[in-house]
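Next come the chains, spelled out residue by residue.
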Amino acid sequence: MKRKQRQTNYTEETITLEMLNSKKASNMRTTNMMTGIRRSSNGGGGSGGSISGNSNSDTVRMNPESHSGGGGGGDGGTVMRIIVPLQGVVQGSGGLVLGSVIPCALFYLLQFYLRRNRSASPPSSSSSPSSKKQLVEASMLLRSPSHLFSRLSTGPAYISSRAYSITNSVDTPYYAGSKNVTEDPYDALNNPDGVMQLGLAENKLSLDLIQDWLAENVKDSIVGAEGGGDLSICGIATYQPFDGLMELKVAVAGFMSQVVEGSVSFNPLQIVLTSGVAPAFEILSFCLADAGNAFLVPTPYYSGLDRYIKWRTGVELIPVPCHSTDNFNLSITVLDRAFNQAKKRGLKVRGVIISNPSNPVGNLMSWETLYNLMDFSREKNLHIISDEIFAGSTHGDKEFVSIASVLESEDFDKSRIHIVYGLSKDLSLPGFRVGIIYSFNDNVLAAAKQLSRFSSISAPLQRLLASMLSDTRFVQDYIETNRKRIRTIYSAFVEGLKQLGIECMQSSGGFYCWANMSGLIRSYSEKGELELWDRLLNIAKINLTPGSSCHCIEPGWFCCCFTALTEKDIPVVMERILKVSETSKS
Amino acid sequence: MAIAIDIEIEKPSVGLSRVAVSDTHGEDSPYFEGWKVYDENPYDEVRNPLGVIQMGLAENQVSFDLIEEYLEQHPEASATWGNGTSSFKENALFQDYHGLKTFRKAMASFMEQIRGERAKFDPDRIVLTAGATAANELLTFILANPGDALLVPTPYYPGFDRDLRWRTGVKIIPVHCNSSNDFQVTPQALEEAYNQALAMNIKVRGLLITNPSNPLGTLIQRSVLEEILEFVTRKNIHLVSDEIYSGSVFSSSEFTSIAEILESQKYRNAERVHIVYSLSKDLGLPGFRVGMIYSYNDQVVTTARRMSSFSLVSSQTQNFLASMLSDTKFTKNYIKINRQRLRKRYEMIIEGLRKAGIECLKGNGGLFCWMNLSPFLEKPTREGELGLWNSILHEVKLNISPGSSCYCSEPGWFRVCFANMSEQTLEVALKRIHDFMEKRKTDQRNHLSY
Numbered sequence: 001m002k003r004k005q006r007q008t009n010y011t012e013e014t015i016t017l018e019m020l021n022s023k024k025a026s027n028m029r030t031t032n033m034m035t036g037i038r039r040s041s042n043g044g045g046g047s048g049g050s051i052s053g054n055s056n057s058d059t060v061r062m063n064p065e066s067h068s069g070g071g072g073g074g075d076g077g078t079v080m081r082i083i084v085p086l087q088g089v090v091q092g093s094g095g096l097v098l099g100s101v102i103p104c105a106l107f108y109l110l111q112f113y114l115r116r117n118r119s120a121s122p123p124s125s126s127s128s129p130s131s132k133k134q135l136v137e138a139s140m141l142l143r144s145p146s147h148l149f150s151r152l153s154t155g156p157a158y159i160s161s162r163a164y165s166i167t168n169s170v171d172t173p174y175y176a177g178s179k180n181v182t183e184d185p186y187d188a189l190n191n192p193d194g195v196m197q198l199g200l201a202e203n204k205l206s207l208d209l210i211q212d213w214l215a216e217n218v219k220d221s222i223v224g225a226e227g228g229g230d231l232s233i234c235g236i237a238t239y240q241p242f243d244g245l246m247e248l249k250v251a252v253a254g255f256m257s258q259v260v261e262g263s264v265s266f267n268p269l270q271i272v273l274t275s276g277v278a279p280a281f282e283i284l285s286f287c288l289a290d291a292g293n294a295f296l297v298p299t300p301y302y303s304g305l306d307r308y309i310k311w312r313t314g315v316e317l318i319p320v321p322c323h324s325t326d327n328f329n330l331s332i333t334v335l336d337r338a339f340n341q342a343k344k345r346g347l348k349v350r351g352v353i354i355s356n357p358s359n360p361v362g363n364l365m366s367w368e369t370l371y372n373l374m375d376f377s378r379e380k381n382l383h384i385i386s387d388e389i390f391a392g393s394t395h396g397d398k399e400f401v402s403i404a405s406v407l408e409s410e411d412f413d414k415s416r417i418h419i420v421y422g423l424s425k426d427l428s429l430p431g432f433r434v435g436i437i438y439s440f441n442d443n444v445l446a447a448a449k450q451l452s453r454f455s456s457i458s459a460p461l462q463r464l465l466a467s468m469l470s471d472t473r474f475v476q477d478y479i480e481t482n483r484k485r486i487r488t489i490y491s492a493f494v495e496g497l498k499q500l501g502i503e504c505m506q507s508s509g510g511f512y513c514w515a516n517m518s519g520l521i522r523s524y525s526e527k528g529e530l531e532l533w534d535r536l537l538n539i540a541k542i543n544l545t546p547g548s549s550c551h552c553i554e555p556g557w558f559c560c561c562f563t564a565l566t567e568k569d570i571p572v573v574m575e576r577i578l579k580v581s582e583t584s585k586s
Numbered sequence: 001m002a003i004a005i006d007i008e009i010e011k012p013s014v015g016l017s018r019v020a021v022s023d024t025h026g027e028d029s030p031y032f033e034g035w036k037v038y039d040e041n042p043y044d045e046v047r048n049p050l051g052v053i054q055m056g057l058a059e060n061q062v063s064f065d066l067i068e069e070y071l072e073q074h075p076e077a078s079a080t081w082g083n084g085t086s087s088f089k090e091n092a093l094f095q096d097y098h099g100l101k102t103f104r105k106a107m108a109s110f111m112e113q114i115r116g117e118r119a120k121f122d123p124d125r126i127v128l129t130a131g132a133t134a135a136n137e138l139l140t141f142i143l144a145n146p147g148d149a150l151l152v153p154t155p156y157y158p159g160f161d162r163d164l165r166w167r168t169g170v171k172i173i174p175v176h177c178n179s180s181n182d183f184q185v186t187p188q189a190l191e192e193a194y195n196q197a198l199a200m201n202i203k204v205r206g207l208l209i210t211n212p213s214n215p216l217g218t219l220i221q222r223s224v225l226e227e228i229l230e231f232v233t234r235k236n237i238h239l240v241s242d243e244i245y246s247g248s249v250f251s252s253s254e255f256t257s258i259a260e261i262l263e264s265q266k267y268r269n270a271e272r273v274h275i276v277y278s279l280s281k282d283l284g285l286p287g288f289r290v291g292m293i294y295s296y297n298d299q300v301v302t303t304a305r306r307m308s309s310f311s312l313v314s315s316q317t318q319n320f321l322a323s324m325l326s327d328t329k330f331t332k333n334y335i336k337i338n339r340q341r342l343r344k345r346y347e348m349i350i351e352g353l354r355k356a357g358i359e360c361l362k363g364n365g366g367l368f369c370w371m372n373l374s375p376f377l378e379k380p381t382r383e384g385e386l387g388l389w390n391s392i393l394h395e396v397k398l399n400i401s402p403g404s405s406c407y408c409s410e411p412g413w414f415r416v417c418f419a420n421m422s423e424q425t426l427e428v429a430l431k432r433i434h435d436f437m438e439k440r441k442t443d444q445r446n447h448l449s450y
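Just so you know, the protein sequences line up as chains A and B, in that order. Mapping of the first sequence onto UniProt numbering: position 411 corresponds to residue 411, and the numbering continues sequentially without gaps. Mapping of the second sequence onto UniProt numbering: position 21 corresponds to residue 21, and the numbering continues sequentially without gaps.
No wet-lab data here; the hints were simulated from the structure. Keep in mind the model is a prediction, meaning the values are calculated, not measured. Each residue gets a CB set at the ideal place from its N, CA and C atoms; glycine is no exception. Please note: incorrect hints may appear among the correct ones.
[Unchecked claim] Beta-carbon label-pair distances, calculated as ranges:
1. L578/A - H74/B: 48 to 54 Å
2. H74/B - P185/A: 27 to 33 Å
3. A199/B - K414/A: 57 to 63 Å
4. V21/B - L578/A: 42 to 48 Å
[What the hints assert, rightly or not] Covered stretches of chain A (chain B as the covering partner; in silico rule of three or more C-beta atoms under 8 Å from a C-beta of chain B):
5. 207-213
6. 260-272
7. 372-385
8. 410-422
9. 448-456
10. 542-548
Pulled out of the complex, with its shape left as it was, chain A reads as follows (with noise of 0.2 Å):
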């Protein structure tokens, strides 16, 4: 009896998520509706922490966040989703008519509901061990709800909540350009009409130094490198550490040391590797925040964070605003409104998350915005997390610092940096997958270790890596060439768009520029941005990423990778711009 008395309370609470979502509800949003849930009442997890008590209003709060979510049902499939499973929680002792009486009493009875917990005041909790036990049973209450539905759809089986956010997840047009790309990509000579990929931050213009390396080399390292004749199987085939080999850890310390000049010393036992710079990303994010807690960003950032910090955590993201005025350089005061901002929400903010060289923008962070910055975080108590990804690809004049520099330099309080770093974009090889979190923080490299058993690299691979990157000479020689090679193109690219009228940021790093095509966007809105973008993908065949997909709050900015181009290209990509440009002007 007690347990039928609390399964009709989940119901309640269902329902009251339903009228909150209007009558467009989907059956969908009915499933992202438990997002909120899940996300509001998760903390009571598998480590039996305490949780935040009320999970009510969390829940309310969340849920223009879950709008997001794909179409797919209609009105109808609402009504169906609030009676079956009340059917279902009565049917064991009352059957269908019950079933249905009850709903219509609920109905009322959760207008008071609704309108209590709207009013509900911040989520209060106590730390004391002894209401454990009840904060983990309240959370569990409150997650229930989703189960109901699942036990009676006789459609396909359950997934879970944060399942069908991904599942349902609509692409960016980051994403979906680089789709047309697959579809129908350029080529000179066999597909001149093809689409030109300028939308994936790719670089190929270095890729013969690499492959020269491994003809001559490559031999060695994989099989049989030492002792000569010796296959060496055993030493790629067993378990190895999953954090990645201590020889590689050594390579790539060494790399990132020559990458900054020098002017850091970088320790190998800082370093986890893991199978990529997503999964790094992943595991900082489940280290350093709970799910509902918040991460500040500058924008425009790369869109990919939106996936790599937020997915299965249950993170937030809070945007921070940059704008041309200031070159799209962070701005202190802005990150403190931001943070005032999210506090008042109550929402907890763990860190700030910065990209430098910036992505995508290609600006350098200064030693003062820096020092600025870790001024900030210590005040407000926060992590940063420091995307260096580009730090080996800057081509202007002005000098890369890295936060572990200046760190270095000032007395901070080192355990709230965190670096993440990897080989996709430097050494140009995203194939090869290696990601590295390099952390000041004892207890989150001890945790990144543990976690990084779910995205460990093959070992193979490691071995030939490390061998490529102790070569010292080599690697010089290949960053050295590789940065002219970035600003040779770089400056044929800028001054291509300026002959159309296009002018870009001044940027100093990456793969890309920022352009200002706002002089061709009708509407000075999204909506005329992804317009705009729409025309450049199908009419002029060329796939850029619009500023709204990195949260650019200014509309017409775009971001061109060009590494992936050869200079023959360039008079091409020019052409096809212009043919949009002079349609936008008719």
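Guided by the hints, dock chain B onto chain A, whose structure is given.
Below, chain B alone, put in the same frame as chain A:
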């Protein structure tokens, strides 16, 4: 809110998440404790003959020579690592998280061969992950919400506590099996576990089985699989069948994959079934970090693919293995010889233990046996088991895994791995056990005579 801040003020530095500070990584269990003792003093025939022999690691080293031989005869396979001019650019730039089609095809075919061609696999349903560890976690993320639970029959692989629970916030409800029916899963035990979850108000989302079982080394019979499928269908929950040891079954015909059951039932209720596989055990390549999910559920496939961006396999690794596994002459021979060798090893250890007066559960596959030391416990409790385990670890210097770390409901059982060492080392290990048992007998006799 208030407490979060209070806690942080107490701490000297900036706070971390619950995931980071949780002990769900399970490193404190005896299962991992034994590894540490081994790491500090590892056995080596020549350099450290008195060291600890690692019998807690399910690694297959009995067939490395076959892979080496393949590499020698096929230098073009090694070329996929980069010195082959044609493949380099592709390898370097390949970013598609779907994984290489050629590799998925080769994997599907390899899995079919292992199952004696009694089941078909569609390469498009394969989602690659960096190891089975990641595959199991990924499925848990998809199938359950934090606070929900998966049923797992005991004894189970101790790593599941970490892999299934840590970041997902999902719980494990044990399904208790016991020696009276050779630890087979029964509908009653399943029902009991399910009801227990209900009583605790926990939503059960699925059942995870290992077939062949880790740590038992036994196979799940067809009739039991049918019961299991019937159970999960009736409860409308998922079934994850972890079949990472399917190619390490001593005789192919003995093994029944859940895929075969689904095929015979014309894929009715297949959408709730997901298979986990890996090349770590059957091909002995855990260092390559290749695992996969095979799901019959379209939505799970789509979502798992997207999530797999957190756990990708490098393109060279895929290319290399694609060329090796597409060579059916090699795979057929490998599978056959590997099975024979594992069986030989298994018989060797069973026989050796028997001579020492120790019985094991009859196994049909895997890289370990399930040893019954319950007659030798001082007290039939967990403490008694761990006491004996301690003696074996520190005196006999063998690292074996106590059943309690696998949540076995009966004390006195141990998992003993036999494929991660040479035959000579195994002989040394058996001799040590034999001597230990003899000494116990003498001690007991002396004890009685006093």
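Evaluation of the provided hints:
1. Restraint check, L578/A to H74/B: a C-beta distance of roughly 52 Å satisfies the suggested window 48 to 54 Å.
2. The hint said 27 to 33 Å for the Cβ distance between H74/B and P185/A, and at roughly 32 Å that hint holds.
3. For A199/B and K414/A, the Cβ-Cβ distance of about 49 Å falls outside the hinted range of 57 to 63 Å, so the restraint is violated.
4. In this structure the hint that V21/B and L578/A lie 42 to 48 Å apart at CB is violated, the actual value being about 57 Å.
5. Here's how the stretch 207-213 of chain A fares: 3 of its residues keep a CB closer than 8 Å to some CB of chain B, so the rule of at least three is met and the hint holds.
6. For the stretch 260-272 of chain A, the stated coverage by chain B is not satisfied: 0 residues place a CB nearer than 8 Å to a CB of that chain, which falls below the threshold of 3.
7. Judged by the Cβ-Cβ criterion of 8 Å, the stretch 372-385 of chain A is covered by chain B as claimed, because 3 of its residues qualify and three suffice.
8. Counting residues of the stretch 410-422 of chain A whose CB lies closer than 8 Å to any CB of chain B gives 3, which reaches the minimum of 3, so the coverage claim holds.
9. Under a criterion of three residues with beta carbons nearer than 8 Å to beta carbons of chain B, the stated coverage of the stretch 448-456 of chain A is upheld, 6 such residues being counted.
10. Counting residues of the stretch 542-548 of chain A whose C-beta sits closer than 8 Å to any C-beta of chain B gives 0, which falls short of three, so the coverage hint is violated.
Of the numbered hints given earlier, the model fails hints 3, 4, 6 and 10; all others are met.
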